[in-house]
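The chain contents come next:
2 protein chains.
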Amino acid sequence: MNTADDQLRQRRSTSLAPSYQLFYDEPVHLVRGEGVWVYDTDGNRFLDCYNNVPSVGHAHPQVVAALAAQAGLLNTHTRYLHENVVDLAERLGAILPGDLNTCIFVCTGTEANDLAVQIARTVTGHHGVIVTERSYHGNSDLVGKLSTDSYPAAERPDWLGVVEPPNTYRGPFHVPDQDMGQKYAALVGDAIADLADLGHGAAAMLVDTSWDSNGVLIAPDDYVSRSAELIRAHGGLVISDEVQSGYCRMGRHFWGHMHYGIVPDIVTIGKPMGAGHPVAAVVTTPEIAAAFAERRNYFNTFGGNPVSAAVALAVLDVIDDEQLLDNATSTGATLGLGLSEIANRYEIVGTVQGRGLFWGLDMVNEQATRQPIAYADAKRIATMLRHRGILAGVTGRYSNVLKIRPPLVFEPEHVGILLTELDAVLDGFEPLGGDDARALGAEW
Amino acid sequence: MNTADDQLRQRRSTSLAPSYQLFYDEPVHLVRGEGVWVYDTDGNRFLDCYNNVPSVGHAHPQVVAALAAQAGLLNTHTRYLHENVVDLAERLGAILPGDLNTCIFVCTGTEANDLAVQIARTVTGHHGVIVTERSYHGNSDLVGKLSTDSYPAAERPDWLGVVEPPNTYRGPFHVPDQDMGQKYAALVGDAIADLADLGHGAAAMLVDTSWDSNGVLIAPDDYVSRSAELIRAHGGLVISDEVQSGYCRMGRHFWGHMHYGIVPDIVTIGKPMGAGHPVAAVVTTPEIAAAFAERRNYFNTFGGNPVSAAVALAVLDVIDDEQLLDNATSTGATLGLGLSEIANRYEIVGTVQGRGLFWGLDMVNEQATRQPIAYADAKRIATMLRHRGILAGVTGRYSNVLKIRPPLVFEPEHVGILLTELDAVLDGFEPLGGDDARALGAEW
Numbered sequence: 000m001n002t003a004d005d006q007l008r009q010r011r012s013t014s015l016a017p018s019y020q021l022f023y024d025e026p027v028h029l030v031r032g033e034g035v036w037v038y039d040t041d042g043n044r045f046l047d048c049y050n051n052v053p054s055v056g057h058a059h060p061q062v063v064a065a066l067a068a069q070a071g072l073l074n075t076h077t078r079y080l081h082e083n084v085v086d087l088a089e090r091l092g093a094i095l096p097g098d099l100n101t102c103i104f105v106c107t108g109t110e111a112n113d114l115a116v117q118i119a120r121t122v123t124g125h126h127g128v129i130v131t132e133r134s135y136h137g138n139s140d141l142v143g144k145l146s147t148d149s150y151p152a153a154e155r156p157d158w159l160g161v162v163e164p165p166n167t168y169r170g171p172f173h174v175p176d177q178d179m180g181q182k183y184a185a186l187v188g189d190a191i192a193d194l195a196d197l198g199h200g201a202a203a204m205l206v207d208t209s210w211d212s213n214g215v216l217i218a219p220d221d222y223v224s225r226s227a228e229l230i231r232a233h234g235g236l237v238i239s240d241e242v243q244s245g246y247c248r249m250g251r252h253f254w255g256h257m258h259y260g261i262v263p264d265i266v267t268i269g270k271p272m273g274a275g276h277p278v279a280a281v282v283t284t285p286e287i288a289a290a291f292a293e294r295r296n297y298f299n300t301f302g303g304n305p306v307s308a309a310v311a312l313a314v315l316d317v318i319d320d321e322q323l324l325d326n327a328t329s330t331g332a333t334l335g336l337g338l339s340e341i342a343n344r345y346e347i348v349g350t351v352q353g354r355g356l357f358w359g360l361d362m363v364n365e366q367a368t369r370q371p372i373a374y375a376d377a378k379r380i381a382t383m384l385r386h387r388g389i390l391a392g393v394t395g396r397y398s399n400v401l402k403i404r405p406p407l408v409f410e411p412e413h414v415g416i417l418l419t420e421l422d423a424v425l426d427g428f429e430p431l432g433g434d435d436a437r438a439l440g441a442e443w
Numbered sequence: 000m001n002t003a004d005d006q007l008r009q010r011r012s013t014s015l016a017p018s019y020q021l022f023y024d025e026p027v028h029l030v031r032g033e034g035v036w037v038y039d040t041d042g043n044r045f046l047d048c049y050n051n052v053p054s055v056g057h058a059h060p061q062v063v064a065a066l067a068a069q070a071g072l073l074n075t076h077t078r079y080l081h082e083n084v085v086d087l088a089e090r091l092g093a094i095l096p097g098d099l100n101t102c103i104f105v106c107t108g109t110e111a112n113d114l115a116v117q118i119a120r121t122v123t124g125h126h127g128v129i130v131t132e133r134s135y136h137g138n139s140d141l142v143g144k145l146s147t148d149s150y151p152a153a154e155r156p157d158w159l160g161v162v163e164p165p166n167t168y169r170g171p172f173h174v175p176d177q178d179m180g181q182k183y184a185a186l187v188g189d190a191i192a193d194l195a196d197l198g199h200g201a202a203a204m205l206v207d208t209s210w211d212s213n214g215v216l217i218a219p220d221d222y223v224s225r226s227a228e229l230i231r232a233h234g235g236l237v238i239s240d241e242v243q244s245g246y247c248r249m250g251r252h253f254w255g256h257m258h259y260g261i262v263p264d265i266v267t268i269g270k271p272m273g274a275g276h277p278v279a280a281v282v283t284t285p286e287i288a289a290a291f292a293e294r295r296n297y298f299n300t301f302g303g304n305p306v307s308a309a310v311a312l313a314v315l316d317v318i319d320d321e322q323l324l325d326n327a328t329s330t331g332a333t334l335g336l337g338l339s340e341i342a343n344r345y346e347i348v349g350t351v352q353g354r355g356l357f358w359g360l361d362m363v364n365e366q367a368t369r370q371p372i373a374y375a376d377a378k379r380i381a382t383m384l385r386h387r388g389i390l391a392g393v394t395g396r397y398s399n400v401l402k403i404r405p406p407l408v409f410e411p412e413h414v415g416i417l418l419t420e421l422d423a424v425l426d427g428f429e430p431l432g433g434d435d436a437r438a439l440g441a442e443w
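Sequences listed follow chains A and B, in order. Under numbering that gives the first Met the number 0, the residue at position 381 of the first sequence is numbered 380, and the numbers go up by one with no gaps. Under numbering that gives the first Met the number 0, the residue at position 303 of the second sequence is numbered 302, and the numbers go up by one with no gaps.
The set of hints was computed from the structure by calculation and includes no laboratory data. We put the CB at the ideal spot given by N, CA and C, even for glycine. A hint or two may mislead.
Using 20 Å as the maximum straight-line C-alpha spacing, the simulated SDA-like pairs for lysine to any residue come out as follows [as the list claims (entries may be wrong)]:
#: 1; chain 1: A; residue 1: Lys144; chain 2: B; residue 2: Tyr23
#: 2; chain 1: B; residue 1: Lys144; chain 2: A; residue 2: Lys378
#: 3; chain 1: B; residue 1: Lys144; chain 2: A; residue 2: Lys182
#: 4; chain 1: A; residue 1: Lys378; chain 2: A; residue 2: Asn296
#: 5; chain 1: A; residue 1: Lys182; chain 2: A; residue 2: Leu197
#: 6; chain 1: A; residue 1: Lys144; chain 2: A; residue 2: Val161
#: 7; chain 1: B; residue 1: Lys144; chain 2: A; residue 2: His199
#: 8; chain 1: A; residue 1: Lys378; chain 2: B; residue 2: Asn296
#: 9; chain 1: A; residue 1: Lys144; chain 2: A; residue 2: Lys182
#: 10; chain 1: A; residue 1: Lys144; chain 2: B; residue 2: Thr121
Reference listing, derived: stretches of chain A covered by chain B, where coverage requires no fewer than 3 residues with Cβ under 8 Å from a Cβ of chain B [as the list claims (entries may be wrong)]:
#: 11; segment: 5-19
#: 12; segment: 68-75
#: 13; segment: 249-259
#: 14; segment: 292-298
Next comes chain A alone, as it looks inside the complex (with noise of 0.2 Å):
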């Protein structure tokens, strides 16, 4: 590290609260952005196959632009008319199935999640909510407590039911079996029958269809469906947290929840949806929209303003512009298809799952015992892509997933420049072990 990036570092120890975490060791200091690639100030590039805010690439010109000539016109609120709130709502209605079609706009994926279990408490009297293991759901009071890594488990309150994901590789079902999707299905009844018991019923179970926090995962088919058809029976809804697996993500479809052929009770989105701009969404039909503003006041000062409105309409103009659907659908097979051929040849990777543009590679110190690498080792891989050039991440229950996701403007070219690297990586890699242990929440 450079002496100003140094001096930097020191400003930030004493001016930033030492919550702040910064990613490597050795941190990079980016200062400009350009589709897939970023830039340090010694203006080296990195391929970045981690952000997924940035969702249409970075600092793309048409959302700048949106941006700025909103920003320079009005920036006001919801309490005025204003064309782009309406037509961002219509947007987001007409691309969701069923009668997800009532938006209320917030500005964070933590405000989308928690008011969306507000909604699904008001509306169903119930108070349980129901989440995986290691779930992050965000950092508000309410669904901190839903973000399981974030603090001991013994603090854990007991209207949350937890339960295992659906992992297909580890887990207490993971030999493949065709009932598997029943069996983890089974284990969230159980949780709803815990619920149920402590008095609190279930009023939502929230569900990530990219497992990111998970380590990534594919579940099996029937364990979505099976598992809100067991919440539904209980008074229960689905709430479908597409932060991470929506806007086309995950390919084929725009929404996670589309691969597992369910209609959720409430969608929230988060991230990808500006592009980098604070905007996000609660959807979900006219009859629970309608029940909850009979009970509950609610009003968002910055959300589905003129300004953040427009963004998120330019988003979805370069989506379609730019045909980023079939891109992450076309560019991620290919390199599912390269993870998949690297896995092969190495003993340290367990496992590939992912979908579209978005993989995890759960790395093993065997592959008979599937043991997890140590976080240190996964930190290890990470920081010597980053030394090549490659922007990753670590994740997963264990912290041993090596996290790829890159913005949706990923091309082939790009899938080719991280399977060298990666490759380059991975050849001759050892794992130390260590007791590193990952600090809780601590994502990278």
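With chain A's structure known, arrange chain B on it following the hints.
Same frame as chain A, but now just chain B:
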């Protein structure tokens, strides 16, 4: 309302949740803003005497330029190094008193207050929170509970201590008395004792030193300091919610709490900070920040990103360059004087309270009884103003307070326009009464 607006309103009502409300029976459809002026689709202009979010004026070119420039370069997150977030943290630390120099950036006032309470609870080990009756601090599950206006009183959690606002015109201790501050502070003491009895303890008192939702109040000089002393004596923290009162709003000082001679333990900042852009912050001492980071993880995807930070820095620059603190003080004095003169001439104005560029006119059916006018009457006044080209609001515990809170670039000539129109509206205005109960939380 013209046909196009009517069609837009129809589309709006089917695509946005019924939680959305519009100001005025005949809403305004704004399309452009500049300084203190906003314009509708027909080119009619309105003097904005309501909106504090566009703090440095609508569509300020310097802020728009900073937004566009940084968005065109890079928008990422705080896990990579970047100058902007550090510059911003240092700037805020430099203008806050005492050791308030350690920042966590978030996107909204809601997220800021939610995090501040999480910090207070984590650090103190207590659970109770004290707010004033009909306070408003945001809309997440947690801070929605602190916003006693948003839900039925029967659903109040028992960890919430709700005290009478320090109103010198209404309330239990409104008779002029040098012990008024002490008497109101004693209610905070009672609430602390109640929370102790319930086993919650007092983690924090949240105070908005403009008492916006209480009707815009000037508290007795010693109220805040006495209350702070009481809560600290019982191991709790003082959270100053500067979303309304900060950023020069009250004139003379940058922060509202400075009018009351205290240094809070935590400060939360929101709306005016980004002049429309969703950027907000929690600032606390290094000790409190460290104690929180030891026990809890916190990361906010959009919080403190290079674009948000660039915008927030530009807002601070404009405040300096255009000497907006001085303007809030001097134009504010002119405004306060003019409103007092009007109050003296009309029986319907019970009292005028406020400071700088934030004023409330407490409207009464008669001076002797101080009976608040009906909400319907307050809305009629705001609506008559709207038809005379003035945007103002209604607030207060009894929804009878006319709220004047213009952008900080409000100048004496604008004061003149406002006073002329207000005079014309109040001249001959007769309260009609009515039982048009205000919806929960339906501020306008």
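Against the structure, the hints come out as follows:
no.: 1; hint: A:Lys144 / B:Tyr23; verdict: violated (39 Å)
no.: 2; hint: B:Lys144 / A:Lys378; verdict: violated (41 Å)
no.: 3; hint: B:Lys144 / A:Lys182; verdict: violated (38 Å)
no.: 4; hint: A:Lys378 / A:Asn296; verdict: violated (45 Å)
no.: 5; hint: A:Lys182 / A:Leu197; verdict: violated (23 Å)
no.: 6; hint: A:Lys144 / A:Val161; verdict: holds (11 Å)
no.: 7; hint: B:Lys144 / A:His199; verdict: holds (19 Å)
no.: 8; hint: A:Lys378 / B:Asn296; verdict: holds (19 Å)
no.: 9; hint: A:Lys144 / A:Lys182; verdict: violated (26 Å)
no.: 10; hint: A:Lys144 / B:Thr121; verdict: holds (13 Å)
no.: 11; hint: 5-19; verdict: holds (count 11)
no.: 12; hint: 68-75; verdict: holds (count 6)
no.: 13; hint: 249-259; verdict: violated (count 0)
no.: 14; hint: 292-298; verdict: holds (count 5)
Of the numbered hints given earlier, the model fails hints 1, 2, 3, 4, 5, 9, 13; all others are met.
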